[in-house]
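Chain residues, written in single-letter form:
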Amino acid sequence: MLGRYALAFSMAMAASVVLPPVAKAQDSLYVPLLTYRTGAFAGSGIPIADGMHDYLEMLNQRDGGIGGAKIVYEECETGYTAQKGVECYEATKGKGALMYNPWSTGITLQLIPKAGVDKIPVLSMAYGLTAAADGKTFPWVFNPPMTYWDGASVAMKYIAAKSGGLDKLKGKKIGFIYLDAPYGKEPIPLLEMLAKESGFTLTKYPVPGDKMQDQSSQWLNIQSDGPDWMIMWGWGAMNPTAVKEAVKVGYPMDKFIGVWWSGSDDDARAGGAGAKGYLTLNFHGTGAAFPAIADIKKHVVDKGLSTLKDPARLGENNYNKGVYNSMLIAEAIRFAQKKTGKKAVDGADVRAGLESLDIDAARIKEMGLEGFMTPVKVTCDDHSGSNAVYVQQWDGAKWVKVSDWMEPMKDKVRPLLVADAAEYAKKNAPWPVRTEPCGGR
Amino acid sequence: MDLLAAIFVDPFVRMGTNPTFLIQVIWEGFVSGVLYALVALGFVLIFKASGVFNFAQGIMVVFAALALVGLHEAGVPAWPALAAAIGIMLILAIGIERVVLRPLVNQPDIILLMATIGLTRFLVGLGEMVFGGEPKVMITEALGIPTGILRLPLFEKNLILKEIDITAAVVAILMVTFLGVFFARTKIGRALRAVADDHQAALSVGISLNRIWVIVWFAAGIVALVTGIMWGARSQVSFDLEVIALKALPVLILGGFTSVPGAIVGGLMIGIGEKVGEIYWGRLLGGGIESWLAYLIALAFLLFRPQGLFGEKIIERV
Chain C
1 MLGRYALAFS MAMAASVVLP PVAKAQDSLY VPLLTYRTGA FAGSGIPIAD GMHDYLEMLN
61 QRDGGIGGAK IVYEECETGY TAQKGVECYE ATKGKGALMY NPWSTGITLQ LIPKAGVDKI
121 PVLSMAYGLT AAADGKTFPW VFNPPMTYWD GASVAMKYIA AKSGGLDKLK GKKIGFIYLD
181 APYGKEPIPL LEMLAKESGF TLTKYPVPGD KMQDQSSQWL NIQSDGPDWM IMWGWGAMNP
241 TAVKEAVKVG YPMDKFIGVW WSGSDDDARA GGAGAKGYLT LNFHGTGAAF PAIADIKKHV
301 VDKGLSTLKD PARLGENNYN KGVYNSMLIA EAIRFAQKKT GKKAVDGADV RAGLESLDID
361 AARIKEMGLE GFMTPVKVTC DDHSGSNAVY VQQWDGAKWV KVSDWMEPMK DKVRPLLVAD
421 AAEYAKKNAP WPVRTEPCGG R
Chain B
1001 MDLLAAIFVD PFVRMGTNPT FLIQVIWEGF VSGVLYALVA LGFVLIFKAS GVFNFAQGIM
1061 VVFAALALVG LHEAGVPAWP ALAAAIGIML ILAIGIERVV LRPLVNQPDI ILLMATIGLT
1121 RFLVGLGEMV FGGEPKVMIT EALGIPTGIL RLPLFEKNLI LKEIDITAAV VAILMVTFLG
1181 VFFARTKIGR ALRAVADDHQ AALSVGISLN RIWVIVWFAA GIVALVTGIM WGARSQVSFD
1241 LEVIALKALP VLILGGFTSV PGAIVGGLMI GIGEKVGEIY WGRLLGGGIE SWLAYLIALA
1301 FLLFRPQGLF GEKIIERV
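So the protein sequences, as listed, match chains C and B. If you count the first sequence from 1, position 409 lands on 409 in the working numbering, and the numbers rise without skipping. Position in the second sequence (first residue = 1) + 1000 = the working numbering.
Just chain C, same shape as in the assembly:
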C-alpha cells in the first residue's frame, strides 16, 4: 500500500523546482530573479525572464559585472503564484540578496511588509501597489518608471487628445476590461476619479481568472454597450483572447488601448490581420536596433549563453521589458557603489542607490539605450518618478510608436496616491514610521 502512495507522490514531485547552490565570491553582487517560466502565465513570463537574464549576463561578459564586481544571479520559479514567490524570497534572502523583483502584483503585496524588516528593497517596475510610490510611507519599495495610475492617466490623455481635448470627454463612454485580480483592479480608483471630474461614463468588464480564454460575455456586453473607447488591463492568456474577441465583434482596434502588460507581440499576433490598429502604452523601445541590445547579441546570444530559445525574438516587447528591469537593477547597484565607495554593496546600500537613481540622457546614451527610454529620476518622496509613457500601435507585424512621450497627470495621481498610502498604513497599523535618512542607509 505504501508503495502505491509513494508512486503517486513521486509523480507529483517530478515537476517541482529545486534551486541549485550558488557560489558567491567576496566581491560579487547577488541578485535573485523571481521569474516564471512555467504555469498559466509562462507565455508572458518567459520573454521577460530571458531579457532580465541576458542583460545581466551581458554586463558580466562585457564589463566583468558592475563596478568591478561580478553579478551572481539565479532564477527562482514562482509560477506567478504568491505562495511560491514568498517561498523563493525566504529561500534566497539569506544569501545576501540585494533586491527583489517580484514580477507579480500579488507577490509584491506579500513582500512589501517584509522588505523593511529584512532590509532588502523591492523593485516592482511599473507594477505592484501604486501607493508604494510614496517614499515616506514605503522607504523600501520602488516602482519606477511609473505607476498604474500614471499609465491610466496617460491612456485618458491620449483618448482626450484624439477626441479634441479633455473637455470633449464629457458624455463619452469608456469601457475598462480587466483581469479580476489585484493587478487588474489597481487603476480603478484613478479612472473613477477622472470619470467624475471629466463627466465620462466608466463601464467595467471584469474577466475572472478562469474565464481568460472565454470572454464572449464581456465582449457581448461591450458590443451591446458600444463604448467609444476601450482600455484593457490584461495579462497572460487574457490579452490574445481579448484581441481576438474585439476583432470578432468588430470593435474598432484603433480605439482599443491596453496597458504596457497587454502589448506583447504574441498578444497582437493572435488577432491576425484584424488586430491591425490595436494600441498599447509603453515606456521603452521595441526591436533590437539599440547598441545595448546589439551587445547582448554579441556577448550573450552569439556565445550561446542566452536563455532565448529563438534568437529571432531578441528585442520583442516583453523581452525588452526584462532588459529594462535589469538595467534598473544594475543602475541602482551602480549608484549604491558610487555612494558608498564599496564594490560589494548590501541591501541597505542598494535601497539608498534606488532612492538616488537619476538616469539622465547622457547616461542613457552611455548605456547604449538612446531612443529606448527617457530619463528616470527617483526621489526620496517619489519612488516611482511618474515618468513619461508613449502609445504604440500594431501594424500587423510589429509595434510602431504613434504618439510622443506623454507625461502622466501628476497633479491628479500624486494626491490620490499619498492618500492611498496613508490608508494602507492605517489598515496595517502599526505601520513603521520611516527612520531611514533620505538616500542613505
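Don't read these hints as lab results, they were simulated from the structure. Given the structure is predicted, the values throughout are model-derived calculations rather than measurements. All residues carry an ideal CB built from backbone N, CA and C; glycine is no exception. Hints may be right or wrong, so weigh each one.
Unchecked claim - One-sided and incomplete, this derived list gives chain C residues near chain B with beta-carbon spacing under 8 Å:
1) Gly39
2) Ala40
3) Gly43
4) Thr201
5) Lys204
6) Pro208
7) Ser216
8) Ser224
9) Asp228
10) Gly236
11) Ala237
12) Ala270
13) Lys303
14) Ser306
15) Lys309
Given the coordinates of chain C, assemble chain B onto it according to the supplied hints.
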C-alpha cells in the same frame, strides 16, 4: 422597487427589444456549452470505466494540443502531425495503464484519484520540458478548419458567427454520436459498463481490464485533443488551458458522472445559463458572475435530482 424592476422587468425588456442580441447570447452560450461538454466527456469516459475522477483531464487537453502544435512547429505537416498526436495519446494511454493503473487494480478510489493528481504534475513537467512554456498558436488554418467571421442580417441587425465555433459544434455533435453508439452498441461498450460496475466481477467473466482501460484512456485522449484544438483556436495553446477542467465540474454535477448525454445536456444548460445570467443579470452583482453562477445552477439542480440529470440513482440497502 428599482431593484425588482432590474431583476424581473428590465432584462426581459432588453431581450424583447433586441432579439438579435438575445440570439447572439444564446449562440455564444451554446458554443461555450458544447466546449464544456467536450471537457466533461473526457471525465465521463474514464469515470465510467474505472470509477475514478481523472484529475489529469485538463492537462491531457494541454498535452494533446501542444503535441500537435509542437510537431507542426518542428516541420511535420498538419495532418501527419495530427495523426502523430493521436499516436502520442495512444502511447500515453498504454503508459498510464501499465505504470499507473495496473498496479492499482481493485484499490480504493482515493488511491486512483491521487495517482491522477500525480499524473497531472508529471505531465505538466514533461510538457514544459519537451514543448517549453511559451504559448503557441493553434494550427487551425493548416488543418483546414475555417476561421472566418460570418455576419448574418437578422431583425435589421447582424448576428456574428465565427466559423470555428460552427465547426466546434459540428465536430462535438459527431464525436458524441460516435462515442454514444460505440459504447452502447458494441461489445467493448458492454465490457466497459461491466468494468465500471465491478472490476473483479468483470475479470471473472473474462473481460480484459487492461485492454478496456487502454481503450478508454485513448478515447479520452482523443476527446482531449479535439478539445485542445477547439479551445486553443479560441485563445492560444498554453498551460493555462488546464483550468478549463474546472469548467467541467458544474457540468458533471448537473449531468451526472456516468452519462454521455448528461455531459452534453449539462454542458449546454450551463453554457447557455451562465451567458444569459451574466449578460442580463450580471451587472446587478458587479459583473464577472459566470464562474460561480455555473456552480449555483448545478447546485440548485441537485436539490431536486441529487444524482444529476442522467446519473444513475444509487440505492444502497442498510
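Minimum beta-carbon distance criterion (8 Å), Lys309/C to chain B: 6 Å, holds
Hint validity - Gly236/C Cβ closer than 8 Å to any chain B Cβ: Hint holds; Gly236/C Cβ to chain B Cβ min 6 Å, cut 8 Å.
Supplied contact hint for Lys204/C, tested at 8 Å Cβ to chain B: Holds, about 6 Å.
Restraint outcome when Lys303/C is required to lie within 8 Å of chain B by C-beta distance: With Cβ-Cβ at 21 Å, over 8 Å, it is violated.
Restraint check, 8 Å cut-off on beta carbons, for Gly39/C near chain B: 6 Å, holds
Cut-off 8 Å, beta-carbon criterion: hint that Ser306/C touches chain B: 14 Å, violated
Status of the Pro208/C interface restraint (C-beta, 8 Å, chain B): 4 Å, holds
Chain B contact restraint for Ser216/C - C-beta distance below 8 Å: 4 Å, holds
Ala40/C as an interface hint toward chain B, with CB separation required under 8 Å: With Cβ-Cβ at 3 Å, under 8 Å, it holds.
Restraint check, 8 Å cut-off on beta carbons, for Ala237/C near chain B: 5 Å, holds
Minimum beta-carbon distance criterion (8 Å), Ser224/C to chain B: 6 Å, holds
Hinted contact Gly43/C with chain B - closest CB pair below 8 Å: 4 Å, holds
Violated hints for the displayed structure, listed by number in ascending order: 4, 9, 13, 14.
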